[in-house]
Amino acid sequence: MQRFSAQQRNIAYRIEESTTYSKWKDWKWQLKHSIKDLDKFQYLTGIKFAENEIPALQKTLEKFPLSITPYYASLIDFNNFQYDPVFKQSFADPRELTIDRSELSDPLAEDKDCPVEGITHRYPDRVLFHVSNVCSMYCRHCTRKRKVGDVDFVPSKSQLIKGIEYIRKTPTVRDVLLSGGDPLMLSDNMIDWLLGEISAIRHVEVIRIGTRMPVVLPFRITDELLEILKKYQPLWINTHFNHPRELTFSARTALAKLADAGFPLGNQSVLLADVNDCPKIMKSLVHKLVQNRVRPYYLYQCDLSEGLSHFRTPIGKGIEIMESLIGHTSGFAIPRYVIDAPGGGGKIPIMPNYIISWSTNKVVLRNYEGVLTTYKEPDSYEPRFCDRDCEKCDLELNLEASAETEAIGIEKLLSDSDKSISLIPKGNERMERRTDG
1 MQRFSAQQRN
11 IAYRIEESTT
21 YSKWKDWKWQ
31 LKHSIKDLDK
41 FQYLTGIKFA
51 ENEIPALQKT
61 LEKFPLSITP
71 YYASLIDFNN
81 FQYDPVFKQS
91 FADPRELTID
101 RSELSDPLAE
111 DKDCPVEGIT
121 HRYPDRVLFH
131 VSNVCSMYCR
141 HCTRKRKVGD
151 VDFVPSKSQL
161 IKGIEYIRKT
171 PTVRDVLLSG
181 GDPLMLSDNM
191 IDWLLGEISA
201 IRHVEVIRIG
211 TRMPVVLPFR
221 ITDELLEILK
231 KYQPLWINTH
241 FNHPRELTFS
251 ARTALAKLAD
261 AGFPLGNQSV
271 LLADVNDCPK
281 IMKSLVHKLV
291 QNRVRPYYLY
301 QCDLSEGLSH
311 FRTPIGKGIE
321 IMESLIGHTS
331 GFAIPRYVID
341 APGGGGKIPI
351 MPNYIISWST
361 NKVVLRNYEG
371 VLTTYKEPDS
381 YEPRFCDRDC
391 EKCDLELNLE
401 ASAETEAIGI
411 EKLLSDSDKS
421 ISLIPKGNER
431 MERRTDG
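Each residue of the sequence shown is one higher than the one before, counting from 1 in the numbering used here.
Treat the hints with caution; some may be incorrect.
[To be verified] EDC-like, lysine to aspartate or glutamate: derived pairs with alpha carbons at most 20 Å apart: (1) 32 x 16; (2) 426 x 436; (3) 347 x 110; (4) 157 x 197; (5) 362 x 379; (6) 40 x 62; (7) 280 x 323.
[To be verified] Have a look at the derived ranges for each label pair, beta carbon to beta carbon: (8) 21 x 161: 39 to 45 Å; (9) 369 x 231: 44 to 50 Å; (10) 408 x 162: 48 to 54 Å.
Source of the hints: derived by calculation from the structure; they are not laboratory data.
All C-beta atoms, glycine included, are put in the ideal place defined by N, C-alpha and C.
From just these sequences and the hints, can you work out the full model?
Okay, here's the thing in structure tokens:
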């Protein structure tokens, strides 16, 4: 039976002497006791900052607020916190106040690609729907530091309806990503209502939820929440593990519950200096993810948001990490390394160079070992003439799923997919007269 770790017990009893492990696992209890100021952090963790450090930390928190769940705080190595990846992601650093001239408050131009409040429509067939601006923990590397934590910008139901109406009136949208903040900060009833409204739109084929709850507050993945989510398949869930140490027993339990409920799981990591900028760390992370049925999806180059310069690495570091993965581990364990282009250009894949050269009939390639090889192009490739009239295409463009059974008899007449309106016995005199005529 899972019980308190020593650090969890120390934090829990300092919050409430009567705290039980079942109360610790209550996500609402965790939120109620989130750590939001410097004094509470020092009291609960036992970490003491030097007097000359405190003014700079307080000034940082005035601009970029603090919020850490007791659970996530309990993962910090208190004896070596200065170098701890959990501490670095969750606690303030005065370097956040250093704004590089290349940094922007809205580096991805999400506000410019915003046709209505809450919607970012950048790609033709999908939209990002900002449904919450609060998180259970405020990540120090967050791209949306300008918004997250600002309670004045928590969308109301009437504001969310504007976004839903935009999706309903835009038939090109087939994919809706719920983001924030963290969508799972909404109540169960609000999540149920929101997913119900979006899934009822006929041209929406898939809904995605981007959440860090399995990492920072895994107890949010309750049986009640799962029953709600299961009503709205196909539903994809992407989470955000950055370091192997975040894959605790509780995190793995949350992931197992989601996977067992039938949700495809993906992970989006951010490459962060002094947190995970090491090939061994990233390989361990992706291996632990796939062990827990989570597909590594993206490895992001850290964005040019204000105050993140101390987190950013050279792109060469990301290439080095990709070189350490490609060919050295399972293909499905390798994320796509991308830069989300400043100014709203979207995600641009960055890969090591594997094409060395090519000519009219040969391509020279290298593999992960440095072996050079060639691929022979076909001597003759003549695609069929295409007049671009897709509606009347009789070439390969048949996009419907293949029929596995063919309806006959009364079943054929009852089938909505078959246009037959009658079955006529062979030798019917009236039909033969028509033929003769």
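Going through the hints against the structure:
1. 32 x 16: Given pair residue 32, residue 16 holds - Cα atoms ~12 Å apart, limit 20 Å.
2. 426 x 436: OK: residue 426 and residue 436 at ~15 Å, within 20 Å.
3. 347 x 110: holds (13 Å)
4. 157 x 197: holds (12 Å)
5. 362 x 379: Given that 20 Å is the threshold and the Cα spacing comes to 10 Å, the pair holds.
6. 40 x 62: Given that 20 Å is the threshold and the Cα spacing comes to 16 Å, the pair holds.
7. 280 x 323: holds (12 Å)
8. 21 x 161: 39 to 45 Å: holds (41 Å)
9. 369 x 231: 44 to 50 Å: Because 49 Å falls inside the window, the suggested range holds.
10. 408 x 162: 48 to 54 Å: holds (50 Å)
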